[in-house]
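S.K.: The chain contents come next:
2 protein chains.
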Amino acid sequence: MDVSTQDVFEMMQPDLDRVEETLVESAQIDYPIVNSMLRAIVSGGGKRLRPILLLLAARAFGSFNERAIDVAAGVELLHTASLVHDDSIDKAALRRGNPTLNTELSTGAVILIGDYLFAKSAILAAKPENPRVMVIFATTLAEICDGQIRETLEAHKLDQSMEDYEARIYGKTAALFAGAAEMGALLGGGTEEQIQNLRALGTELGMAFQVIDDVLDLRESSATIGKPAGNDLRQGVVTVPVMRYAAGLAVDAPQRGIIEGIVAGEITDQVVVDSLIDDIRDSGALAEAEQVARDYVAAARARLDQVPNPAVRSALDQLLDQATIRTV
Amino acid sequence: MDVSTQDVFEMMQPDLDRVEETLVESAQIDYPIVNSMLRAIVSGGGKRLRPILLLLAARAFGSFNERAIDVAAGVELLHTASLVHDDSIDKAALRRGNPTLNTELSTGAVILIGDYLFAKSAILAAKPENPRVMVIFATTLAEICDGQIRETLEAHKLDQSMEDYEARIYGKTAALFAGAAEMGALLGGGTEEQIQNLRALGTELGMAFQVIDDVLDLRESSATIGKPAGNDLRQGVVTVPVMRYAAGLAVDAPQRGIIEGIVAGEITDQVVVDSLIDDIRDSGALAEAEQVARDYVAAARARLDQVPNPAVRSALDQLLDQATIRTV
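Line by line, the protein sequences are chains A and B.
Per my numbering, the very first residue in the first sequence carries number -19; after that it's consecutive.
Per my numbering, the very first residue in the second sequence carries number -19; after that it's consecutive.
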């Protein structure tokens, strides 16, 4: 490794500054109160991984289409819109440690603001006037919704296959990483093979990223992740660490009934839930899940030798490291 | 008039059958239960005015782009997605006399299904691979959201200007009629002047349509409109008949306090609300509002002489009649 994680961001800083400007411009609305809330949401401390991935892909093949900045902002705005709806669905009060829109607006207003951000993200994606970019963008949105619908309909069931889990996190997270990489490579003038290679890298990076998110949800304190520890579990959403933990329990282990009760929403006592989370932390389940993430990262890393631009290759390498070593 | 209202639909029937097929194909999802609900929603008895307008515009200039069928289905699906979110926001139990998704699914699932339909509608709009169609489509979605946000934020206030009302119904309804006409004319190969002329006709038709909707909401029985009579008023949404009624009251009329109380959500007693609705019906307010709609229709009709295809011209003429004479 010849650059630190920080360097990836420094290298991309001029592009990212333009993305920020575009984001703030796009998330405007006539109502001053809503406007200031929108501004707070789009500037709310996201890591901008999706725009970074898109812009790296757009710079991987020598030429650079200026409109990639707009699409990068569009991808981040799509992500933001999706978080706004998620937080509304989960009735979450906190996101990245900040109060969500739910704390200040009616559910109806929050739904509409999410829709408005979807619309604005699509307007940004239309800027390059590239029909294929629009198809990727719209398809990605459908995949995100599909993943979220799966998560909602499959909640409260402990007995799930790894395929169910993967289909869910592909939609929830990896689809947008994949779409960002594909749109970037397309705008950057990659060949079809190069575009597909970066799309696959994006998918694997996104899968790894979500698996680690699911580990952090259980491993880190509420203060670190800015929402209650074990939030997924409390919502009845079963993730790979929980699946591995349950698989490692003896058939007659008392924890089996407890975890089934928590997932089903029948056990909500904080002391019981916290104690089970401690048990998961003490088991090997988090390490097993981290190995799943590392396998995805290894698959993605094997694709780097097809990336011609050495600075981009090195930056993508860093981004892959970051997916697995991060704590937030 | 040389064709009956029915004839417009008969002429368009082969196109509309293809729109229906495309709609049913698009609103598919892996989950059988949700799938059957989606099918019921997209086949739920809508009048298909937006696809009809788009297809008429697409046939107005001699050539016809087959992809207009996809965009027509996309426009209807966008409308459907927006109704799904509206019904969720209003917690409506009925739409067109049928139970809404709210009666069977959690709010979260309904929001996600609406999002999924938005995504699918965007995929359909991307089919012609025409960048300008995508820009119109995305901009229209933003305008619809803007209209809905206005309706939410401006609810519960009786004192509103006609401009506030017009901006709201433009977004809520006329924007999609305008966009449908513009996209159709664009795909049909109209000149820029012809495209803008049909867009303006679409706007005026949409404005008239919404004003009449607002009249029907007060004039018709719950059984006829498939939802509670005076639904807008009960939700605190002030429409032009209510504005005209309030403007006609003496300063010290007792109804003034009552209507303010209903709009503010402080008076919910059914007997009082029903009695006020009767009062509005007995006043000249509904007729005054109908005149507003007729003025829009007259403006739209003046644009017909710029439509070269005589069958399309005649069909549009019928559509304009229908906007003002309908009862549902």
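Worth double-checking, as some hints may not be accurate.
All copies of an identical chain are treated as equivalent in the list; a pair is satisfied when it fits inside any one copy or across any two copies.
[As the list claims (entries may be wrong)] List of simulated lysine-lysine pairs, DSBU-like, C-alpha gap at most 30 Å:
{"id": "1", "residue 1": "Lys27", "residue 2": "Lys71"}
{"id": "2", "residue 1": "Lys137", "residue 2": "Lys107"}
{"id": "3", "residue 1": "Lys207", "residue 2": "Lys71"}
{"id": "4", "residue 1": "Lys137", "residue 2": "Lys207"}
{"id": "5", "residue 1": "Lys27", "residue 2": "Lys207"}
{"id": "6", "residue 1": "Lys71", "residue 2": "Lys107"}
{"id": "7", "residue 1": "Lys207", "residue 2": "Lys107"}
{"id": "8", "residue 1": "Lys71", "residue 2": "Lys137"}
{"id": "9", "residue 1": "Lys107", "residue 2": "Lys27"}
Honestly, the hints are just simulated from the structure, not real lab data.
S.K.: Each hint: holds or not?
M.R.: Checked hints:
{"no.": "1", "hint": "Lys27 x Lys71", "verdict": "within (23 Å within a copy, 36 Å between copies)"}
{"no.": "2", "hint": "Lys137 x Lys107", "verdict": "neither (42 Å within a copy, 38 Å between copies)"}
{"no.": "3", "hint": "Lys207 x Lys71", "verdict": "both (12 Å within a copy, 29 Å between copies)"}
{"no.": "4", "hint": "Lys137 x Lys207", "verdict": "within (23 Å within a copy, 37 Å between copies)"}
{"no.": "5", "hint": "Lys27 x Lys207", "verdict": "within (17 Å within a copy, 46 Å between copies)"}
{"no.": "6", "hint": "Lys71 x Lys107", "verdict": "neither (34 Å within a copy, 36 Å between copies)"}
{"no.": "7", "hint": "Lys207 x Lys107", "verdict": "neither (36 Å within a copy, 41 Å between copies)"}
{"no.": "8", "hint": "Lys71 x Lys137", "verdict": "both (20 Å within a copy, 28 Å between copies)"}
{"no.": "9", "hint": "Lys107 x Lys27", "verdict": "within (23 Å within a copy, 33 Å between copies)"}
When the structure is compared with the earlier hints, violations turn up for hints 2, 6, 7 and for no others.
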